[in-house]
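Residue 2 is where the sequence shown starts when you use my numbering, and the numbers rise one by one after that.
These aren't lab readings, by the way, just hints derived from the structure by calculation.
Quick reminder that beta carbons are idealized off the backbone N, C-alpha and C, glycines included.
Incorrect hints may appear among the rest.
Stated by the list, open to error - Taking lysine to any residue pairs in the SDA-like style, the calculated list, with each CA pair at most 20 Å apart, reads: (1) K114 x A186; (2) K53 x K114; (3) K172 x R45; (4) K17 x R45; (5) K17 x S36; (6) K55 x F38; (7) K116 x E31; (8) K17 x R121; (9) K55 x D136; (10) K53 x R121; (11) K116 x E138; (12) K172 x N152; (13) K114 x F156; (14) K172 x E31; (15) K116 x A186; (16) K116 x D9; (17) K17 x E167; (18) K55 x P135; (19) K53 x K116; (20) K116 x K172; (21) K55 x E138; (22) K172 x E160; (23) K55 x D13; (24) K17 x R5; (25) K55 x N152; (26) K172 x D20; (27) K114 x E160.
Said to hold, decoys possible - Listed next, with one range per pair, are the computed distances between beta-carbon atoms: (28) T125 x P89: 15 to 21 Å; (29) D140 x A186: 32 to 38 Å; (30) E83 x K172: 29 to 35 Å; (31) R194 x G47: 34 to 40 Å; (32) N152 x D46: 20 to 26 Å; (33) G47 x E190: 28 to 34 Å; (34) P137 x F34: 29 to 35 Å; (35) F195 x P89: 22 to 28 Å.
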Amino acid sequence: MCCRYYVDDSVDALLKELDLGYAPMHRGREDRFPSCFALTVCARDGHTAVEKMKWGFPQGMSGGNGHGSENRSGLVINARAETVLERPLFRDGARSRRCLIPAAGFYEWNREKEKAAFYRPDRTPLLMAGICLPDPEGDGDRFVIITTGANRSVFPVHERMPLILERGQWKNWLFDGASVENLLAFQPEPLERFQEYEQQTLVF
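Put together the whole structure using the sequences plus the hints.
In structure tokens:
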């Protein structure tokens, strides 16, 4: 499951490049956790918009049968690409309320609780696929990140990873419902990995 990612000014540069009328806000590297607000790219009335949303669906939204990944606070934070079109909590969002979550990289932990950071070799931002639903506790929407089976870069650390789409796919994800099934089956490109214990081994 993906339970933490990070953003930096490369995300601002990407949103500016996509010409979404976004004012830069990131200063240095910042982590994003479940329950916090984060920037998303979504479709609104046939147009693309950048919106702040809260990460995670409350348990009450699932009726106890959401079949997503929950974190320690009980929030549903991930949806599996393999079943997102079938599960009651996710299927409406997957069909009509899709979003993208821009990130500089994300973290995963192995069985020994050692943290690894994953990012593109050229350090360009990731576009993680997600879905959003109205927040039952207030105004605005909440989002979850869609996960898929790990590629060869991530698998040595964890068996799941975010569904990361390429630049040429993001508009289809937001606007073309007929493309959704194919995009959910997409295998993300290889990534670079930085693992703290490996760096410490090199130093000492």
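Here is how each hint holds up against the structure:
The suggested pairing of K114 with A186 is violated, with an alpha-carbon distance near 29 Å, which exceeds 20 Å. For the proposed pair K53 and K114, the alpha carbon gap of about 30 Å is over 20 Å, so the pair is violated. Taking the CA atoms of K172 and R45, the gap is near 12 Å; set against the 20 Å cutoff, the hint holds. A C-alpha spacing of about 18 Å is found between K17 and R45, which places the hinted pair at or below 20 Å, so the restraint holds.
Of the supplied pair hints, the one linking K17 and S36 is violated, its CA atoms being roughly 26 Å apart against a limit of 20 Å. Between K55 and F38 the alpha-carbon distance is near 4 Å, which keeps this suggested pair within the 20 Å criterion. Between the alpha carbons of K116 and E31 the distance comes to roughly 16 Å, so the proposed pair stays at or under 20 Å and holds. For the suggested pair K17 and R121, the alpha carbons sit about 19 Å apart, so the restraint of at most 20 Å is met.
Restraint check for K55 and D136: the C-alpha separation of about 8 Å stays at or below 20 Å, so the hint holds. Restraint check for K53 and R121: not satisfied, since their Cα atoms lie roughly 24 Å apart, outside the 20 Å limit. Proposed proximity of K116 and E138 is contradicted: the alpha carbons are some 32 Å apart, above 20 Å. The hinted pair formed by K172 and N152 fails the criterion: a straight-line CA distance of about 23 Å is larger than 20 Å.
The hinted pair formed by K114 and F156 meets the criterion: a straight-line CA distance of about 15 Å does not exceed 20 Å. Of the pairs offered as hints, the one joining K172 and E31 is violated, with about 26 Å between alpha carbons and a cut-off of 20 Å exceeded. At roughly 27 Å between alpha-carbon atoms, K116 and A186 are farther apart than 20 Å, so this suggested pair is violated. A distance of roughly 19 Å separates the Cα atoms of K116 and D9; the hinted pair therefore holds under the 20 Å criterion.
Among the hinted pairs, K17 with E167 is consistent with the structure: their alpha-carbon atoms are about 17 Å apart, no more than 20 Å. Between K55 and P135 the alpha-carbon distance is near 10 Å, which keeps this suggested pair within the 20 Å criterion. Straight-line distance between C-alpha atoms of K53 and K116 comes to about 27 Å, which puts the hinted pair past the 20 Å bound. A threshold of 20 Å between alpha carbons decides the hint, and for K116 with K172 the separation of about 32 Å lies outside it, so the pair is violated.
For a cut-off of 20 Å, the pair hint linking K55 to E138 stands: about 11 Å separates their Cα positions. Annotation: proposed proximity of K172 to E160 is violated, straight-line Cα distance about 28 Å (limit 20 Å). For the given pair, K55 sits about 19 Å from D13 by alpha-carbon distance, which is consistent with the 20 Å threshold. Of the supplied pair hints, the one linking K17 and R5 is violated, its CA atoms being roughly 24 Å apart against a limit of 20 Å.
With a C-alpha separation of about 27 Å, the suggested pairing of K55 with N152 is violated against the 20 Å cut-off. A C-alpha spacing of about 13 Å is found between K172 and D20, which places the hinted pair at or below 20 Å, so the restraint holds. As the CA atoms of K114 and E160 are separated by approximately 14 Å, the hinted pair is consistent with the 20 Å bound. A C-beta distance of roughly 36 Å is found between T125 and P89, which places it outside the suggested range of 15 to 21 Å.
Range check, D140 to A186: about 34 Å between beta-carbon atoms, so the 32 to 38 Å window is met. E83 and K172 have their C-beta atoms about 24 Å apart, which leaves the hinted 29 to 35 Å range violated. Separated by about 39 Å at the C-beta atoms, R194 and G47 satisfy the suggested range of 34 to 40 Å. Hint check: N152 to D46, Cβ distance near 35 Å, so the stated range 20 to 26 Å is violated.
In this structure, G47 and E190 meet the distance hint of 28 to 34 Å, their C-beta atoms being roughly 29 Å apart. For the hinted restraint 29 to 35 Å between P137 and F34, the CB-CB distance of approximately 20 Å leaves it violated. Range check, F195 to P89: Cβ separation about 38 Å, and the 22 to 28 Å hint is violated.
Figure legend: structure checked against the earlier numbered hints; hints not met, in rising order: 1, 2, 5, 10, 11, 12, 14, 15, 19, 20, 22, 24, 25, 28, 30, 32, 34 and 35.
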